[in-house]
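Participant: Here are the chains, one letter per residue:
There are 2 protein chains.
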Amino acid sequence: MERTLIGDLRQAIGQKVKISGWLQVLRDQKKMQFLVVRDRTGAVQVVFEKKADPELAEVISTLGSESAITLTGMVVDNPIVKLGGLELVLETLDVVNKAEAPLPFEPFNDTLPSVDFRMDWRYLDLRRQQSLLTFKVQTTAEMAMRDYWMKQGFIEMHSPKIMGTPSESGAELFELAYFDRKAYLAQSPQFFKQMAMAAGFEKVFEIGPVFRADPSFTSRHMTEFTGVDVEISWVDSHEDVMAFQERWLQYVYQQVKDAHGEEIKEVFGFDFEVPSVPFPRVTMAEAIEILRSVGYELPAERKGDIDPGGERALGDYIKQKYNHDFVFVTDWPISVRPFYHMRHPENPGLTRSYDLIAKGLEITTGAQREHRFEVLRTQAFEKGLTEGPIQFYLNYFRYGCPSHGGFGLGLSRLLMVMLNLPNVRDAVYLFRGPNRLEP
Amino acid sequence: MERTLIGDLRQAIGQKVKISGWLQVLRDQKKMQFLVVRDRTGAVQVVFEKKADPELAEVISTLGSESAITLTGMVVDNPIVKLGGLELVLETLDVVNKAEAPLPFEPFNDTLPSVDFRMDWRYLDLRRQQSLLTFKVQTTAEMAMRDYWMKQGFIEMHSPKIMGTPSESGAELFELAYFDRKAYLAQSPQFFKQMAMAAGFEKVFEIGPVFRADPSFTSRHMTEFTGVDVEISWVDSHEDVMAFQERWLQYVYQQVKDAHGEEIKEVFGFDFEVPSVPFPRVTMAEAIEILRSVGYELPAERKGDIDPGGERALGDYIKQKYNHDFVFVTDWPISVRPFYHMRHPENPGLTRSYDLIAKGLEITTGAQREHRFEVLRTQAFEKGLTEGPIQFYLNYFRYGCPSHGGFGLGLSRLLMVMLNLPNVRDAVYLFRGPNRLEP
Chain X
1 MERTLIGDLR
11 QAIGQKVKIS
21 GWLQVLRDQK
31 KMQFLVVRDR
41 TGAVQVVFEK
51 KADPELAEVI
61 STLGSESAIT
71 LTGMVVDNPI
81 VKLGGLELVL
91 ETLDVVNKAE
101 APLPFEPFND
111 TLPSVDFRMD
121 WRYLDLRRQQ
131 SLLTFKVQTT
141 AEMAMRDYWM
151 KQGFIEMHSP
161 KIMGTPSESG
171 AELFELAYFD
181 RKAYLAQSPQ
191 FFKQMAMAAG
201 FEKVFEIGPV
211 FRADPSFTSR
221 HMTEFTGVDV
231 EISWVDSHED
241 VMAFQERWLQ
251 YVYQQVKDAH
261 GEEIKEVFGF
271 DFEVPSVPFP
281 RVTMAEAIEI
291 LRSVGYELPA
301 ERKGDIDPGG
311 ERALGDYIKQ
321 KYNHDFVFVT
331 DWPISVRPFY
341 HMRHPENPGL
351 TRSYDLIAKG
361 LEITTGAQRE
371 HRFEVLRTQA
381 FEKGLTEGPI
391 QFYLNYFRYG
401 CPSHGGFGLG
411 LSRLLMVMLN
421 LPNVRDAVYL
431 FRGPNRLEP
Chain R
1 MERTLIGDLR
11 QAIGQKVKIS
21 GWLQVLRDQK
31 KMQFLVVRDR
41 TGAVQVVFEK
51 KADPELAEVI
61 STLGSESAIT
71 LTGMVVDNPI
81 VKLGGLELVL
91 ETLDVVNKAE
101 APLPFEPFND
111 TLPSVDFRMD
121 WRYLDLRRQQ
131 SLLTFKVQTT
141 AEMAMRDYWM
151 KQGFIEMHSP
161 KIMGTPSESG
171 AELFELAYFD
181 RKAYLAQSPQ
191 FFKQMAMAAG
201 FEKVFEIGPV
211 FRADPSFTSR
221 HMTEFTGVDV
231 EISWVDSHED
241 VMAFQERWLQ
251 YVYQQVKDAH
261 GEEIKEVFGF
271 DFEVPSVPFP
281 RVTMAEAIEI
291 LRSVGYELPA
301 ERKGDIDPGG
311 ERALGDYIKQ
321 KYNHDFVFVT
331 DWPISVRPFY
341 HMRHPENPGL
351 TRSYDLIAKG
361 LEITTGAQRE
371 HRFEVLRTQA
381 FEKGLTEGPI
391 QFYLNYFRYG
401 CPSHGGFGLG
411 LSRLLMVMLN
421 LPNVRDAVYL
431 FRGPNRLEP
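In order, the protein sequences belong to chains X and R.
Residue numbers for the first sequence follow the UniProt record's numbering, beginning at 1 and rising by one.
Residue numbers for the second sequence follow the UniProt record's numbering, beginning at 1 and rising by one.
Worth flagging that the hints you see were computed from the coordinates, not collected in a lab.
A few of these clues could be false.
A pair holds if it fits inside one copy or across any two, identical chains being indistinguishable in the list.
[What the hints assert, rightly or not] The list that follows gives simulated cross-link-like pairs (lysine to aspartate or glutamate, EDC-like), each with its CA atoms no further than 16 Å apart:
{"id": "1", "residue 1": "151", "residue 2": "8"}
{"id": "2", "residue 1": "30", "residue 2": "58"}
{"id": "3", "residue 1": "18", "residue 2": "236"}
{"id": "4", "residue 1": "203", "residue 2": "240"}
{"id": "5", "residue 1": "98", "residue 2": "374"}
{"id": "6", "residue 1": "182", "residue 2": "438"}
{"id": "7", "residue 1": "303", "residue 2": "289"}
Model, not experiment: these values are computed from the prediction.
With the rest of the complex left out, here is chain X (with noise of 0.2 Å):
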């Protein structure tokens, strides 16, 4: 017999149907035994008449919770059932994997333990409700993303995570031995999205892992995280890649909104909402003299720059005064962006760049990149950097590149402004941190 999805079974009301999934309630009664059982599409009440097979009921009494079963019987329609209004009249039963008790944790109760215990049992944590929506709405959030990445003929990279040397400053870097060299890990796709630009590829996209060697512990470092990477060729200056960004990521709302909205609205109780565009924008000295004004005090050993609390502040300010969680921070100095940013040149201290702030969390910098091969090196050399490491990077730029600008994302940073998730332990399916490789 075909398996039939739990949240299929409306559908089947006065058939015989094979189900399975996981025990997660059971009430023993003295008559009659109710077992709550979840796939991942739904739960459904199951209920068995002891009498009728005393064997079959004595090895139900002995499951542990979170069991994984498979099994068969009637389903019928019962108005009073708080789960669909529907029962499985139970009429075998097979024990796929039996759960030790007890568990760990019991993922299903009110309270949880500490985030740190809960990721030692990761998969028991990935099956409460919150956690298996949170996955779901990553998939409709990326396929969405790619839809719309398609629709404009964009290609899909998958470049290279080991590199030969360093990609950027050299800092935070993980060294690994290759062979009898040493070699990095990268940091982002950085230089060789814009290799893809070099090559006539135009438009290109592409979600993989990134690595940062970031001693940080705190509820939005990783130190290996999911980078999505999107570079356009062509562009006139950083706003064509912040036009671009807004429209994207209001698509990929409306995805998320009509797949989710719903379930969304059930398990984490909020209204999902799609953003308007255009997203507000303010310069990078606009949002200090917003700090200012609002009395935030930006560090002074981050000069030119923002530091987390800052982008609180002026997230708050911006959904106080435009009632938008976003917003584009643009033309940021020199001093705190990469030597590859082009500058604007009637203000040749500032970058063509942006931070997209979102309910107060940076998760995006993009830019248009300098294609010119002499501009660029000579900001390479002011930025303290040798020609040997960048020179196959630097070559890219000698034969025909076009302008260019793009933006990487961080996706497990986007679903946790998507759905409210306090810790990005949360928006990830593995957590890597400096204490954290396991499991």
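Starting from the known structure of chain X, arrange chain R on it as the hints suggest.
Facilitator: Using the frame of chain X, we list chain R on its own:
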């Protein structure tokens, strides 16, 4: 003015347009200049009468081929022009990025330098028509894979690439310094996708990098490649996995044919064919019998395995006998399979596993996995593993893990097979091998 793609010029006859692209050919005659300009959608002839603007004519004559340019002009119908039967009468031309002359090599010459030299200048190599089409086909193939998964309710995974312990054998492993400890690069998402089964995700996919410290120098090995991984719960045997994979691949081939069949014919010179299902299946024992019958001698030192020559001979036999490019080789002996492959209950020396051979090249390994905790642990010990390093993995099977199976497929190998590419270096954006970490 908005840019018009060269592929769309037919719809703009009689209009003034702006195009952007690369100067592929320049014929500089006494009175006229003819340019072939290319973007990612096609090429067009541009014509310019020098006396209209001698200064511009001078700029054009000094332009190196492959320079990036933006130009405007009138689109006119001209049936005698080979490139699409139209041409652009030039008005203005803007040099976005001049190409130095001479180029390291001319990508549009009939004779090309060695593959190693092409890799040094990969971005010029990628401008070739065959290269661009290769990555358009890859993009379409990946989207088709995901479409198929989405229709069946799969969840997308991004598993960590940094691991605290070796995932499988410990051989061919890259080691890295991770703060004050050692870590390893993932050789496959195997353990992580099985964790998704324990998490109740039921059906997952991942497309991401995998790393093998393999010192081989062949036309089909890489130290880093893009793996396509699938894992499915509640399977009854490896047959369920094969039945999924062949239909999925058929769908992918169909989508590629629909989108690129004609261009593949034009650029690669063959008719792109969609494979029929079911694919032929032979057991490992039958495969060895077939190889014996065709006189292929398997190397003695790889007992129970099939070497690359044997794969080619088997592929030829299947092609001749069944006129099919694919063959599943099933039921491999436990000696050549990892501990987690499920064994045949009626013949415990054989595993419920398969390889998929396509045009004589192994592109996939798949299997049903052992999901019974005690059996799995025993099989691990038999293979000489100790519990410590795989404790986290073994724990996945203790609290309700359903039966499951899956496969991994090498994306570049699939592309080699699809497009008859002789070398994997042509089927990957940037090749990584023991001697190759640049660009």
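Participant: None of the hints should be skipped; say for each whether it holds.
Facilitator: Outcome of the hint check:
no.: 1; hint: 151 with 8; verdict: between (32 Å within a copy, 15 Å between copies)
no.: 2; hint: 30 with 58; verdict: within (12 Å within a copy, 98 Å between copies)
no.: 3; hint: 18 with 236; verdict: between (59 Å within a copy, 14 Å between copies)
no.: 4; hint: 203 with 240; verdict: within (13 Å within a copy, 38 Å between copies)
no.: 5; hint: 98 with 374; verdict: between (67 Å within a copy, 12 Å between copies)
no.: 6; hint: 182 with 438; verdict: between (25 Å within a copy, 13 Å between copies)
no.: 7; hint: 303 with 289; verdict: within (14 Å within a copy, 74 Å between copies)
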